[in-house]
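Peer 1: One-letter residues, chain by chain:
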Amino acid sequence: MEPVPHILVVDDDREIRDLLSKFLERQGMRVTAARDAKEARKLWPLGRYHLVVLDLMLPGESGLDVARWIRTQGDTPIVMLTAMAEETDRIVGLELGADDYLGKPFNPRELLARIRAVLRRASGEGGPGVKEPPAKVIRFGGWLLEPARRRLLNPDGVEVPLTGGEYELLQVMVERANRVLTRDMLMDLLRGRQAGPFDRAIDVAVSRLRRKLEDDGRNPSLIKTVRGGGYVLAATVEKA
Amino acid sequence: MDSLPRPERPEIAARRGLPPPLCWLWPGSLAGRTALVLLLGLTLVQAAGLTIHALDRLDLQRFAQAREISARAFGLWNTVALAPPERRAQMLADVELPPGLTASLDEQALVPPGGPPPPPPIIRLFRLDRLQGSGPVRFRPREVRVGPLGPPGPPMLLPSPLPPAEFGRPPGRREHGPMHMGDWAGRPRQGEWGASLRLADGQWLNLQVRLQPPRPWHSETFLMAFAVMTFTAGALTLWAVRRLILPVRALADAADRLGRDVNAPPLPESGPTEIVRAAAAFNTMAERIRRFVGDRTQLLAAIGHDLRTPITRLRLRAEFMDDDEQRRKMLADLAEMEAMIAATLAFARDDSAAEPTVALDLVALCRTVLDDAADAHPELAERIDYAGPERLVVQARSVALKRAIANLVGNALAYGLAARLRLIPAGNGHPVRLEVADDGPGIPPAELENVFLPFRRLEPSRSRETGGAGLGLPIARNILRAHGGDVVMRNRPGGGALAVATLPM
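Protein sequence lines correspond, in order, to chains A and B.
Once you know that position 111 of the first sequence is 110 in numbering that gives the first Met the number 0, the rest is easy, because the numbers rise by one and skip nothing.
Once you know that position 176 of the second sequence is 175 in numbering that gives the first Met the number 0, the rest is easy, because the numbers rise by one and skip nothing.
In case anyone wonders, no lab produced these hints; they're calculated from the structure.
C-beta atoms are modelled at their ideal positions from N, C-alpha and C, and glycine is treated no differently.
One or more of the hints may lead you astray.
[Unchecked claim] Residues on chain A that point at chain B, a partial pick, calculated with CB under 7 Å:
{"no.": "1", "residue": "ARG16"}
{"no.": "2", "residue": "GLU158"}
{"no.": "3", "residue": "LEU180"}
{"no.": "4", "residue": "ARG207"}
[To be verified] Simulated pairs of lysine-lysine, BS3-like, Cα-Cα distance not exceeding 25 Å:
{"no.": "5", "chain 1": "B", "residue 1": "LYS401", "chain 2": "A", "residue 2": "LYS21"}
{"no.": "6", "chain 1": "A", "residue 1": "LYS238", "chain 2": "A", "residue 2": "LYS223"}
{"no.": "7", "chain 1": "A", "residue 1": "LYS135", "chain 2": "B", "residue 2": "LYS401"}
{"no.": "8", "chain 1": "A", "residue 1": "LYS21", "chain 2": "A", "residue 2": "LYS37"}
{"no.": "9", "chain 1": "A", "residue 1": "LYS135", "chain 2": "A", "residue 2": "LYS238"}
{"no.": "10", "chain 1": "A", "residue 1": "LYS41", "chain 2": "A", "residue 2": "LYS21"}
[Said to hold, decoys possible] Just some of the chain B residues that point at chain A, by a computed CB distance under 7 Å:
{"no.": "11", "residue": "ARG312"}
{"no.": "12", "residue": "GLU318"}
{"no.": "13", "residue": "MET320"}
{"no.": "14", "residue": "PRO355"}
{"no.": "15", "residue": "ASP371"}
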């Protein structure tokens, strides 16, 4: 991990900007804050940012426009702050290439965990520059995953609802299909994304996921158990 | 399995307002009622028409018969009067007489003398005046007696033992002298009368007229035509009524759609003027409702948005508090506030309408909700379970339906410390049925429906514990009703409450 991550916070509320900066700085990060899209563009060349925390509701130019603009500048990860139930904003944001999102009002510690997870993934996968554009749909073994909508469709096109934990697990495994993932690796990949009792229950989550994928628990063909403690998603993965 | 009660049914039945014995005769639908009234009217008109026709035909038949009889009677008289006396009987026997006319030569007159003159209708109908007034004098009868016949049979034909003045009157009436007029005048029996004509040699030609009963329905083509006409008119009536009622049905459908979706397309404003007016009024009303809902949604969204910022600030501020205990409590309070705002916004916005309907696996959705609940309440995990099929595809709005089921499960966990979900697939006209049972104290019967009122909590003392705003069940009901289903609360026989939700396929 980089020694001191540099975060750009874009939010129109001065209090939130200041408090968030102070909070993140206390966690050992360097923070630059911008009031709106104009100021963000002005500040952009002045530093090399590792991550942008972007409020979608900005006066004037919206957060979506800023996200689109940042995407033209490079692959700096974006964590979006969205309004409580604005499903469409979230989908558009994720399709534009935001790396994660949080509803407002957010829990600061959860925001911190997500920032760290996104930074870790970005550095773990070669850092800025090599990240491919986000896939709209991912096909594996006849199933379809829509990352923006966090939706899983079965081969008949029927939506199969997943819990947050199941979705994260499935996405992590689909992104690393045909690679053996030990429980520790899975926990590491998922930590920060899913708070709570998830990490003690990888096996439970896998068995729930198998049931939803209609994968026979005794003789699974999609998510296989590897001797010695690990799982592998055995399928050809197509991204579109 | 008992089906869900539909509260509106009894009201509709009561509103019909007919005494029970007639209820089954009076159709429920407007089309049925209109058709029934029109057909009844049509039947009346047809019956009246038929009666007029029959009476007319009756008159005509009688007239024709009477004319024939009178013509033949004259002919007969002329024949008899001209014939030599010894050949009269033979000639009379040879003459073929029309039905209703019989003639005989007797020594006695059939009609007694001194009777009242025949009433004018009879004279006109049979042209009796011609008996006396026409032809050369030597051919005229020496005496003419015309009178009513009594009941048919021997008394009439017997040579009368009675005094002449009494002859021909019905027995038992002889004391009432003037009453014999009644036979002609009171009810002129046009069909039954006799005439006695005296020949020059003193013989009497007795004619008896008994008109055949008229047969107004004799024509088969008429009856056929009448049946075809009636059937055609009835069929046209039914068809026209159906067509006329169609816009009313369209209006009802539109109102139904509007109830589910405020943004349903407007009614086409076409057709008869009344329908156009109704459709226009309906569309105006829908527009007003839309504007009202829109205003309310905007207002709530604004409040929600404005509250988000201070809560976010407070959360950040809490992170700078040194007292861990106080910070924990403050964050809990903030979480509660946030949940209440989220629930209020969700209830008020009803944003499920904006979500598209997709095919989704209801079993996976239920399991997702239950797994989330079990993860959030590990101490209750053993009292959270699922029973039902392994797969059940329904058409629904995924996010909204998940919220509805999560609310039912959350309510069961909060008040009943258990959530046992049972799913029964649709079949035999039954909708999909989803039941959530808990182990709590149940709900007082009087409150079973009240729990669906917004901000209603049965035990206020519990509100802190559950942290709800009293909107979970109202939201669940709104969502399920928007799907065309419903949810009601029941008490289980063994204790505990049971939420019963239905969802049409």
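Peer 1: All the hints need checking, so say for each whether the structure fits it.
Peer 2: Now for the hints, and whether the structure bears them out:
no., hint, verdict
1, ARG16, "10 Å, violated"
2, GLU158, "4 Å, holds"
3, LEU180, "21 Å, violated"
4, ARG207, "6 Å, holds"
5, LYS401/B - LYS21/A, "38 Å, violated"
6, LYS238/A - LYS223/A, "22 Å, holds"
7, LYS135/A - LYS401/B, "23 Å, holds"
8, LYS21/A - LYS37/A, "22 Å, holds"
9, LYS135/A - LYS238/A, "7 Å, holds"
10, LYS41/A - LYS21/A, "22 Å, holds"
11, ARG312, "5 Å, holds"
12, GLU318, "5 Å, holds"
13, MET320, "12 Å, violated"
14, PRO355, "11 Å, violated"
15, ASP371, "5 Å, holds"
Comparing the model with each numbered hint stated earlier shows that hints 1, 3, 5, 13 and 14 do not hold.
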